[in-house]
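Colleague: The lines below spell out each chain.
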Amino acid sequence: MSLLEVKNLTIRFGGLVAVDDLSFTMEEGQITSLIGPNGAGKTTVINLLTGFYTPNEGKVILDGEDITGASTDIVVSKGLSRTFQNIRLFSNMTVEDNILIGMQHRIGYGSFLSLFPNPKKIEWEKRAKEETTAILERVDLSKYRYEKSTSLPYGKQRKLEIGRALVAKPKILLLDEPAAGMNPVEKKELSLFIRSLLKDVKGILLIEHDMKLVMDISDKIVVLNHGAKICEGKPEEVQNNQEVIEAYLGRKGAHNNAASK
Amino acid sequence: MKKYLDTRTIIFLIIMAGMAVAPFLTNPYQLRILISCELNMIFAMSLNLLMGIGGTVSFGHAAFYSIGAYTTACLWYHFGWDYSTNFLLVVLITGLAGLLLALPMSRITGRYVTIITLSFAEIVNLIIRNWDPVTLGQMGIVGIPNITLFGYRFKTKIQFFYFALIFVFITYILMKWLVDSKLGRNLQAMRDDSIAAEAMGIRLFPNKVIVFTISAIFAGIAGSLYAHLMTYVEPATFNANLSFTCISIVVVGGLGNFTGTLIGALFLTILPEYLRRFDFLFKYRMIAYGLVLVIVMWLNHSIPGLKLKQGFAAFFRKLLHRKAAEEEV
Amino acid sequence: MLLQILVNGISLGSIYALTAIGYSLIYSILQLINMSNAAVFLTSAVIFYALYTSLTGSSILLTFILTLMAAGAIGYIIEVIAIRPIREKGDSNTYALISSIGVKTILEQICQGTFGSEIKQFPTLLDGKYIDLFGARTSAIQIIIITTTLLILGFMSWFTQNNRVGRGLRALSQNLNACHLMGMPVNTLIGVSFAVGSMLAAVSGVAYCMYLKSISISVGSAIGNKAFAATVLGGIGELKGAVVGGYILAIAENLVSGYWSMSASNFISFGILILVLIIRPTGIFGRKEQKKV
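Residue numbers (the numbering used here), protein chains in the order written: chain A, 8 to 268; chain B, 42 to 370; chain C, -18 to 274.
Isolated chain A (complex conformation) (with noise of 0.2 Å):
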């Protein structure tokens, strides 16, 4: 069985097919990436996967569980996470206060009991200070906790929004863009520390720009265009795959990028 399972996903805005029977699976361990050009529509992708979106048809199974059309809430309980193309903190709170936000389904206490202090209360807020102690150390951010997280620098605010979708426990992290806006230096970084996430979490959806990076760190690529799937595989093959070649540079592109070959 596989970790996540895509069944002819479609979803339209009016007349516009944003995206098209998509179907594909994740495996458990590995890194999965969903590539295209401008406007192919994964981010709708993603959208669609963690319930702000509802598809018009289609299935998504995790794990064994349709989770087609919940609610976002439901989608994190169940073991998706995500971050943000541009980054969304909460940024009028600290860092300590963000990864809390992540974990908050976690957070075995209710409105009613927020209210007072009280063992139960007490209790679990105890374990989300030393749960965030331990995330923090992972994101190597534990200086930065009492900051207020918009006054950390550009990357260290991507590993906090990272931090704050792992702290959620998910089964999957769905990673919107992550290496926008890093130089390479850091890009090699993050392709490392987005390796290791591995260890934290059973599978990685990756949505990113950079084809060095994908390349570098995936498992398996599926391309969209225009809404509908082109192409699905290991790097190696898709980067030899002539409808990907046509879609990202266009025909005549594509035909010039052979002849120089």
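Quick caveat, the hints were computed from the structure, so don't treat them as lab data.
Beta carbons: idealized from backbone N, C-alpha and C, even for Gly.
Any given hint might turn out to be false.
Claimed, not checked - Beyond 12 Å from chain A on every Cβ pair, some chain B residues (computed):
| id | residue |
| --- | --- |
| 1 | Arg73 |
| 2 | Gly121 |
| 3 | Val154 |
| 4 | Pro174 |
| 5 | Leu332 |
As the list claims (entries may be wrong) - Quick list of in silico lysine to aspartate or glutamate cross-link-like pairs, EDC-like style, CA-CA up to 20 Å:
| id | chain 1 | residue 1 | chain 2 | residue 2 |
| --- | --- | --- | --- | --- |
| 6 | A | Lys155 | B | Asp47 |
| 7 | A | Lys176 | A | Asp27 |
| 8 | A | Lys155 | B | Asp123 |
| 9 | A | Lys127 | A | Glu137 |
| 10 | A | Lys209 | A | Asp70 |
| 11 | C | Lys194 | C | Asp108 |
| 12 | B | Lys196 | B | Glu314 |
| 13 | B | Lys217 | A | Asp73 |
| 14 | A | Lys194 | A | Glu138 |
| 15 | A | Lys14 | A | Asp70 |
| 16 | B | Lys324 | B | Glu314 |
| 17 | A | Lys127 | B | Asp221 |
| 18 | B | Lys324 | C | Glu99 |
| 19 | A | Lys178 | A | Glu34 |
| 20 | A | Lys136 | B | Asp221 |
| 21 | A | Lys85 | A | Glu193 |
| 22 | A | Lys136 | A | Asp70 |
| 23 | B | Lys324 | B | Asp47 |
| 24 | A | Lys163 | A | Glu138 |
| 25 | A | Lys66 | A | Glu130 |
| 26 | A | Lys236 | A | Glu184 |
| 27 | A | Lys155 | B | Asp234 |
| 28 | A | Lys133 | B | Asp221 |
| 29 | A | Lys163 | A | Glu193 |
| 30 | C | Lys194 | C | Glu99 |
| 31 | B | Lys217 | A | Glu132 |
| 32 | A | Lys163 | B | Asp234 |
As the list claims (entries may be wrong) - Output of the computed footprint for chain A on chain B, the stretches with three or more beta carbons under 8 Å from beta carbons of chain A:
| id | stretch |
| --- | --- |
| 33 | 165 to 173 |
| 34 | 214 to 225 |
| 35 | 233 to 241 |
Given chain A's structure and the hints, the job is docking chains B and C onto it.
Modeller: Coordinates of chains B and C only, in the frame set by chain A:
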């Protein structure tokens, strides 16, 4: 490092201590103003929960205040009930009103919140004005006695003062507990970025309902105390200006800063009373509120990265900076 | 009876519509609910009264022109002092909104301080003259109000469609930053639209007091709130919405007070408003906000 006794808590304790000894140093008139301060503190803290933590600006918070005031006034007038029982009904009814106002929030965002809260206050006021058999309409209810608690009637305003002070203390502590809990964090997350909050699995609507309800209850409690302080209630008191006054207090104190709210309430309640001394200024005393709003908004914007937690602190920082800059030149 | 109600409704609706356009115009450009608009309504009426009784004496036209100029100036000054500093730092609209509430308080308090809280007689035009319009008694001032409003509405729609300034305003409401980058005089245009909004509120305020033949300090908030409700009803940010909303509210109010009771008519406008907000939160003409993930 995070400290257990931060500056804000220390200032809070100082204010509480000052208030505790105040009755020994003031005349009855000044004491009455201080009681108004206490009511404004509770009222504004309830709004600050909604604005500063919940991120929803309510332009009709006076509605809850008036519901609280009228609930206790009507119960006294029609049944002659004790404040201890009235209090429970105040909590219940204002809580329900808060819940009611929160219901449309599932469908609307941003600008419409302003509109809904404004209209809600307007409708509540119209009901109070026109529901003659219960609220006595335009006339209002007069002759409300001092608080009776389990059969014991408060004899002096000093007792009333300490009673209200207990409420200020409880409100502050509760707000503090709430902010440092899962609920408080979730609310702040929604305030900062509702989409990211949703992505983290926070259900926006139930949290909105809860924060509106809690906020309404505390505003209602402040209102119920107001009815007993003034000994009368009339619809004209609870107009839009009361809501705006409350916003002024919160804004001066700083959004999400409850200690600041206490200071704001002291400042903005005492200032207009102080202006009473000057005959000419007295006529225009309420302008102070307007000026404060404009000026604080003016100063706020200039401290980057601190968009939500300014107010007094920011104001003084700005003054200091200006001083420092002048000295350098 | 019905025709009479319609005539009265349309007269009142014209007054709502004019103030409502002021709200909508600013909203369409800045996404800001300019709360000071209701206070300008009141202030203009007070200025008109003060000028008429003390300076200009009998000339209503001269007084009116001076009042309009004053209102325009007030609108422009409000923008420069209370809105621009916040806007230019790119702060959220909530701050500008709170600032505009501050302005509203200041203006209202100045009016209250200078004018006092009693009801005074207000000069009107062609008092006691009526026309019988198919059985509906239509006073001269009602006809003047309705025709003036129609002229202004016509002018406004021409102004926002064809004129250079109008084109600029429409561009602003599409994308403020882009306009700035294109070298448009954004600040001047916004200032001008505040002035225009204020002048409309002034026409509306003076017309309302002439209609009532009296002025008191409470006219501002009463009509200001109704006009605001009308704006929302029509879809805030849409000029035609403000007009339609104004007329719907005023006619509904007159229908209810005519066939039912006065006090119920106060409920009706907010009742309609709440209903619309629940069924169609964007108002009649409003466009839906897109949620961006």
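Colleague: Confirm or reject each hint.
Modeller: Status of each hint after checking the structure:
no.: 1; hint: Arg73; verdict: holds (32 Å)
no.: 2; hint: Gly121; verdict: holds (32 Å)
no.: 3; hint: Val154; verdict: holds (19 Å)
no.: 4; hint: Pro174; verdict: holds (36 Å)
no.: 5; hint: Leu332; verdict: holds (27 Å)
no.: 6; hint: Lys155/A with Asp47/B; verdict: holds (16 Å)
no.: 7; hint: Lys176/A with Asp27/A; verdict: violated (30 Å)
no.: 8; hint: Lys155/A with Asp123/B; verdict: violated (48 Å)
no.: 9; hint: Lys127/A with Glu137/A; verdict: holds (16 Å)
no.: 10; hint: Lys209/A with Asp70/A; verdict: holds (10 Å)
no.: 11; hint: Lys194/C with Asp108/C; verdict: holds (9 Å)
no.: 12; hint: Lys196/B with Glu314/B; verdict: violated (25 Å)
no.: 13; hint: Lys217/B with Asp73/A; verdict: violated (41 Å)
no.: 14; hint: Lys194/A with Glu138/A; verdict: violated (27 Å)
no.: 15; hint: Lys14/A with Asp70/A; verdict: holds (14 Å)
no.: 16; hint: Lys324/B with Glu314/B; verdict: holds (11 Å)
no.: 17; hint: Lys127/A with Asp221/B; verdict: holds (14 Å)
no.: 18; hint: Lys324/B with Glu99/C; verdict: holds (15 Å)
no.: 19; hint: Lys178/A with Glu34/A; verdict: holds (11 Å)
no.: 20; hint: Lys136/A with Asp221/B; verdict: holds (12 Å)
no.: 21; hint: Lys85/A with Glu193/A; verdict: violated (32 Å)
no.: 22; hint: Lys136/A with Asp70/A; verdict: violated (29 Å)
no.: 23; hint: Lys324/B with Asp47/B; verdict: violated (41 Å)
no.: 24; hint: Lys163/A with Glu138/A; verdict: holds (19 Å)
no.: 25; hint: Lys66/A with Glu130/A; verdict: violated (39 Å)
no.: 26; hint: Lys236/A with Glu184/A; verdict: holds (19 Å)
no.: 27; hint: Lys155/A with Asp234/B; verdict: holds (15 Å)
no.: 28; hint: Lys133/A with Asp221/B; verdict: holds (12 Å)
no.: 29; hint: Lys163/A with Glu193/A; verdict: holds (11 Å)
no.: 30; hint: Lys194/C with Glu99/C; verdict: holds (14 Å)
no.: 31; hint: Lys217/B with Glu132/A; verdict: holds (15 Å)
no.: 32; hint: Lys163/A with Asp234/B; verdict: holds (19 Å)
no.: 33; hint: 165 to 173; verdict: violated (count 0)
no.: 34; hint: 214 to 225; verdict: holds (count 7)
no.: 35; hint: 233 to 241; verdict: holds (count 8)
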